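Those sequence lines, one after another, are chains A and B.
The first sequence begins at 1 in the UniProt record's numbering and counts up one residue at a time.
The second sequence begins at 1 in the UniProt record's numbering and counts up one residue at a time.
No lab work stands behind these hints, which were simulated from the structure alone.
None of these values were measured; they are calculated from a predicted model.
One or more of the hints may lead you astray.
Only part of the chain A face toward chain B is listed, based on derived beta-carbon distances under 7 Å [said to hold, decoys possible]:
id, residue
1, Lys10
2, Ala12
3, Leu19
4, Leu20
5, Cys27
6, Ala37
7, Lys42
8, Asp54
9, Gln103
Listed next, the in silico DSBU-like pairs over lysine-lysine satisfying Cα-Cα at most 35 Å (straight line) [as the list claims (entries may be wrong)]:
id, chain 1, residue 1, chain 2, residue 2
10, B, Lys151, B, Lys42
11, B, Lys151, A, Lys42
12, B, Lys315, B, Lys151
13, A, Lys151, B, Lys151
14, A, Lys273, A, Lys258
15, A, Lys151, B, Lys42
16, B, Lys10, A, Lys187
17, B, Lys187, A, Lys10
18, A, Lys315, A, Lys273
19, B, Lys258, B, Lys315
20, B, Lys42, A, Lys42
21, A, Lys187, A, Lys258
22, A, Lys273, A, Lys187
Glycine is no exception: its CB is placed at the ideal position from the N, C-alpha and C atoms.
Number of protein chains: 2
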Amino acid sequence: MVNNNVDSLKVAEIGEQGLLQRLHQFCPSEIIGDDGAAIAWKSDRGENLVVTTDVLVDRVHFSDRTTSAQDVGWRAAAANLSDLAAMGAAPIGITVGLGLPGQTPVRWVEELYQGMVSCLNRYHTPILGGDVVRSAVITIAITALGQGSPKQVIRRSTAQPGDAIVVTGAHGGSRAGLELLLNPELKGQLTPENYQVLVRSHQRPIPRLDILPILLSLTQSDGASIRVSGMDSSDGLADAVYQMASTSGTGAIIQADKIPILPALLDWVPPAKALEWALYGGEDFELVLCLPPATARALVETLGPMSAIIGTITKETGVCLVHSAGVNHIESLTGQKGFEHFKF
Amino acid sequence: MVNNNVDSLKVAEIGEQGLLQRLHQFCPSEIIGDDGAAIAWKSDRGENLVVTTDVLVDRVHFSDRTTSAQDVGWRAAAANLSDLAAMGAAPIGITVGLGLPGQTPVRWVEELYQGMVSCLNRYHTPILGGDVVRSAVITIAITALGQGSPKQVIRRSTAQPGDAIVVTGAHGGSRAGLELLLNPELKGQLTPENYQVLVRSHQRPIPRLDILPILLSLTQSDGASIRVSGMDSSDGLADAVYQMASTSGTGAIIQADKIPILPALLDWVPPAKALEWALYGGEDFELVLCLPPATARALVETLGPMSAIIGTITKETGVCLVHSAGVNHIESLTGQKGFEHFKF
Chain A
1 MVNNNVDSLK
11 VAEIGEQGLL
21 QRLHQFCPSE
31 IIGDDGAAIA
41 WKSDRGENLV
51 VTTDVLVDRV
61 HFSDRTTSAQ
71 DVGWRAAAAN
81 LSDLAAMGAA
91 PIGITVGLGL
101 PGQTPVRWVE
111 ELYQGMVSCL
121 NRYHTPILGG
131 DVVRSAVITI
141 AITALGQGSP
151 KQVIRRSTAQ
161 PGDAIVVTGA
171 HGGSRAGLEL
181 LLNPELKGQL
191 TPENYQVLVR
201 SHQRPIPRLD
211 ILPILLSLTQ
221 SDGASIRVSG
231 MDSSDGLADA
241 VYQMASTSGT
251 GAIIQADKIP
261 ILPALLDWVP
271 PAKALEWALY
281 GGEDFELVLC
291 LPPATARALV
301 ETLGPMSAII
311 GTITKETGVC
321 LVHSAGVNHI
331 ESLTGQKGFE
341 HFKF
Chain B
1 MVNNNVDSLK
11 VAEIGEQGLL
21 QRLHQFCPSE
31 IIGDDGAAIA
41 WKSDRGENLV
51 VTTDVLVDRV
61 HFSDRTTSAQ
71 DVGWRAAAAN
81 LSDLAAMGAA
91 PIGITVGLGL
101 PGQTPVRWVE
111 ELYQGMVSCL
121 NRYHTPILGG
131 DVVRSAVITI
141 AITALGQGSP
151 KQVIRRSTAQ
161 PGDAIVVTGA
171 HGGSRAGLEL
181 LLNPELKGQL
191 TPENYQVLVR
201 SHQRPIPRLD
211 ILPILLSLTQ
221 SDGASIRVSG
231 MDSSDGLADA
241 VYQMASTSGT
251 GAIIQADKIP
261 ILPALLDWVP
271 PAKALEWALY
281 GGEDFELVLC
291 LPPATARALV
301 ETLGPMSAII
311 GTITKETGVC
321 LVHSAGVNHI
331 ESLTGQKGFE
341 HFKF
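Looking at chain A on its own, in the form it has when it is part of the complex (with noise of 0.2 Å):
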């Protein structure tokens, strides 16, 4: 039942996403509703500043279940990574804001540190300070600051009809490897080189800033500029999808069996789960594109046999995913998510 009255109407009542609506009344619309903010300051070489935030938090982002320390570290580096690769940015560094209870062993967060230098240290990217405050449960709060030519700040909200849909990598990986975590007793049900490359997928994800160079040489062309759409895939493919047509006002055609999986998935569960958590499973941390067909089979024939065009976005609104069996609408997903978020 909705509680209509807004005083004693809780966060819960309203989820994550509602609750991000009513707070986008505090800040300038242009800047926000992204992976990350764009904002009006250039360097020197007349690159934009980009800023981006994540929270993460014990038992509700991450479990000792499931997640070293060390683990926790290079996710939470690799995601905020992810998010400056989604808006076309290159990093420049990100601070860290650690909320610890008393009891939290020093070595834990030695080691939490130690994973998201190992990440950041592929890049380049230095930690350039943070904040250490008691608290009742572990909270890391990461800020990733990036610079990226104004010519290709990726946004979400500007694709448009016409536009192939890219994916750069395989998708379902990551939610593999937290079933297998999460159910040690299904570990005989693979092969040791399997089994490994699915729990890698979940525990080390890569940010693929490896796409901006890529992206930029193929877009940015003989003086003219080609438009790039796009976010990252750590909420999930559908929903990153959905995000993308419906802020660009637009609809999107998925085709099932285009959307690249990996073998060690495929070898493992019915072919019906793998697709599932491939496009629901989420943190696969890859970028979903939307671009002109042409420019989009020049990045997939640059990628490799893991990137695909997996679809088109269409005038029609609504996301339909195509399969072998007819076609499905796929509904909203962030507004249950956020949801999700807040229920105890």
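Given the coordinates of chain A, work out where chain B should sit on it, guided by the hints.
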């Protein structure tokens, strides 16, 4: 008893400062240990990017008992803008990461944002975005971005013997206001005006961004550049002087009778209590600056009666407090306080 077993050492046993020291190994040494980090990323107008992060936790850093949601918001924004001022930087914007229990009233969150925006609007500073997640405890993680002339990045570690120590305003008011809010029965001891002044000092601190252009005009005249060191007094005036002296490899002498204290506070409590709150109370969010004496005198003259030269940086290490009854040594406060932060 100190636990020497590194595997079982808890953060409560080494405190905030102990933990920060261990985490420094993960950050480039040149950008940490100050109120914020000045980053080697320059704007098209030659300004440095400056970034600072604060995490505030319910029942650790604020309380419904003394602070409305709007005041929590104001204080959170003010504390971050004060950190920028302490680095010599004007604000660009802030990001806000929120952790919220599902039972938090939506109205509380909106009022928190109203308080933040009221403070930020004074400085034309936008909220650039953020994140909202579920948590067992209300957590507010703010990262502030600022820009400062590379000529005037203010650091705490560059004070030199002979420098005069300037405070930009009165101290002790915030601690007095907290005392009044914690003990409502004390209200009758003050005039309504004095009560308001002190409570307001606690609830609505003013970040001293107004100091920066004054400082720039006093220290950059005639093409020559005059060195300024400094930090804000958010953790207490005594702590600020101690931090600057120790990180600069110097000492300091503070003249107790020079510390500006609000008449409203002196009218209420004995001088010794007022001095204690001025030195150790914290959260007055003034700047504490070390400057050549002539520049210090010019600054105090410009700022008016609530600013003052309160002492001198000395070659001999150690911080001494000189008052009518003799000389006290001020010990490190941060070790103790860090420990307090983690004590339950």
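List of violated hint numbers, smallest to largest: none
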